[in-house]
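A.B. asks: Sequence:
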Amino acid sequence: MEEHVDSDHQLMMEGGFPLPHSMQIDPRRERFPCCIVWTPLPVLSWLIPFIGHIGICREDGVILDFAGPNFVCVDNFAFGAVARYIQINKDKECCNTPHPSHEYPHDDTRRETLTWDDALRKSTQEFQHRSYSLFTCNCHSFVANNLNRLRFRLGEWNVVNLAVLIFLKGRWVSKTAFLRSFLPFVIVSGLGLALGGTTYLSFLALFAFLLVGWFLLGTYCFKNLIHL
519 MEEHVDSDHQ LMMEGGFPLP HSMQIDPRRE RFPCCIVWTP LPVLSWLIPF
569 IGHIGICRED GVILDFAGPN FVCVDNFAFG AVARYIQINK DKECCNTPHP
619 SHEYPHDDTR RETLTWDDAL RKSTQEFQHR SYSLFTCNCH SFVANNLNRL
669 RFRLGEWNVV NLAVLIFLKG RWVSKTAFLR SFLPFVIVSG LGLALGGTTY
719 LSFLALFAFL LVGWFLLGTY CFKNLIHL
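Sequential numbering of the sequence shown, starting at 519, is according to the numbering used here.
Don't read these hints as lab results, they were simulated from the structure.
Treat each hint with caution, since some may be false.
For lysine to aspartate or glutamate, the following EDC-like pairs were computed, each having C-alpha atoms within a straight-line distance of at most 20 angstroms [said to hold, decoys possible]:
| id | residue 1 | residue 2 |
| --- | --- | --- |
| 1 | Lys610 | Asp593 |
| 2 | Lys610 | Glu577 |
| 3 | Lys693 | Glu674 |
| 4 | Lys741 | Glu674 |
| 5 | Lys687 | Glu674 |
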C-alpha cells in the first residue's frame with residue numbers, strides 16, 4: 519500500500535536526463551503511464567467497496583475515462599484522485615500484431631499496427647459517439663474496449679474480468695488512498711448495523727447479489743446486453 523516509486527527513472531530525472539514517455543508513476547501530477555486506474559464512487563462504493571470508476575492512461579500518463587454520454591474525460595479523472603492502479607508492460611503483455619482496418623476488413627494490403635496511444639485514440643473516438651449507462655455501457659466498457667484493441671494478454675476482456683483484475687491485482691497509490699476507499703464503507707456499515715441490524719445486512723446482500731448478478735448475466739449469458 520506504499521506509494522510506488524521507480525528508482526531507476528527517479529535517478530534519470532534527478533540526473534537531468536528525463537526519458538520521453540517515462541514509465542515513472544507520479545501520483546501528485548496524476549500521471550500513470552500505460553496504467554489502468556481506479557477510484558471509489560460516491561454512494562455505491564460506500565455500500566460495495568470493490569465497485570468503482572476506472573480509466574486507462576496514455577503513454578505520457580494522462581488519464582482517459584468514459585464519464586458520460588458521448589464524453590471521454592482527458593486528464594480530469596471524473597470521481598477524484600486515483601486510488602489504485604495496474605501498470606501494463608505494453609511490450610510484453612500487449613500483442614502488437616497488425617489489426618485489420620475497419621474500413622477495409624478483407625483487404626490484406628490495408629492492415630495497421632496499433633501503438634498504445636493509437637489504440638486509445640481509436641477507442642476514445644468510438645466512445646465519443648456512445649450513450650452512457652451504468653448498467654450497459656460504462657467506464658469498464660471503455661477500458662475493456664481499449665484492452666481488447668491492444669490485445670492485452672490476448673484480449674477477451676469484459677466488465678467482469680476487468681473488475682476482478684483491478685480488485686485482485688490493483689496496487690494502492692498510498693495508505694491515504696486505501697483509507698479513502700474503505701473508511702466510508704466501514705462507517706456506513708457500522709451505522710447500518712447499529713440502526714438496522716440484520717435488516718441492513720439482508721438489504722446489502724440483496725443489493726450486491728442483484729448488481730453482480732446483472733453484470734454476470736449481461737456478460738456471459740446475454741452477450742449483447744453489455745456493450746464493449
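A.B. asks: Is the straight-line distance between the alpha-carbon of Lys687 and that of Glu674 20 angstroms or less?
C.D. replies: Since the Cα atoms of Lys687 and Glu674 sit roughly 18 angstroms apart, the hinted pair holds (cutoff 20 angstroms).
A.B. asks: Compare the distance between the alpha carbons of Lys693 and Glu674 with 20 angstroms, and conclude whether the hinted pair is satisfied.
C.D. replies: 33 angstroms, violated
A.B. asks: Taking only the CA atoms, is the gap from Lys741 to Glu674 under or equal to 20 angstroms?
C.D. replies: Between Lys741 and Glu674 the Cα gap is close to 12 angstroms, so the pair holds against 20 angstroms.
A.B. asks: Hint check: Lys610 vs Asp593, CA-CA at most 20 angstroms. Holds or violated?
C.D. replies: 26 angstroms, violated
A.B. asks: For Lys610 and Glu577, compute the direct alpha-carbon distance and say whether it is at most 20 angstroms.
C.D. replies: Given that 20 angstroms is the threshold and the Cα spacing comes to 15 angstroms, the pair holds.
Checked against the numbered hints given earlier, this structure breaks hints 1, 3; the rest are met.
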